[in-house]
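Working from the sequences, and respecting the hints, build out all of it.
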Amino acid sequence: MSDNFPVNIRASGIYLFCVFIAFLAGTYFDRFIYMLFIGLLIYPVVSFLLLLYTYSTLRFHQDFSTEHPVKGEKVGYTVYFTNESKIPFSNIKISFKAITPLMDMHLPDHSISIKPGGEFKKTYEINCPYRGIYTVGLKQVIIEDLLHFFQIRLKVWHKTFYV
0 MSDNFPVNIR ASGIYLFCVF IAFLAGTYFD RFIYMLFIGL LIYPVVSFLL
50 LLYTYSTLRF HQDFSTEHPV KGEKVGYTVY FTNESKIPFS NIKISFKAIT
100 PLMDMHLPDH SISIKPGGEF KKTYEINCPY RGIYTVGLKQ VIIEDLLHFF
150 QIRLKVWHKT FYV
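In numbering that gives the first Met the number 0, the protein residues as written are 0 to 162.
Treat the hints as calculated values from the structure; they're not laboratory data.
Listed next, the in silico SDA-like pairs over lysine to any residue satisfying Cα-Cα at most 25 Å (straight line):
1) K92 with P43
2) K138 with Y54
3) K138 with M104
This structure is a prediction, so every number in the text was calculated from the model and none was measured.
Below, the structure is given as structure tokens:
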């Protein structure tokens, strides 16, 4: 799937195939299958609305222990994600940007789901043993709906340190 395309083609194709099968079954059976068919048509709308709700209630914050590190110092980096809603979030994919002069540091990506009123917190220490440019922070945050049809990318930022 392309990184810039907000719709998952494979998941959409599987869903449309299931809708088609339910429609064919509805031509042979009674009203129960028609109710299933209508439910299959409504489910993506509900999933998209929950995605928008997740987007509006997800909060994140990044903290750095220092603004201007010197050679040999460690920079503490903490990222917080908070669910301010009454329902659990769907899947949230987080990736980090950590660039050091020797490219020896890589922060792991996370795929999370936060409980209602819950928080996700990760703390890292970035070593600055050499002079150079260090870039630390979020690379991207992607929120997916329940069916993995749609995704929204949050606007994120990172910080550059000149050691």
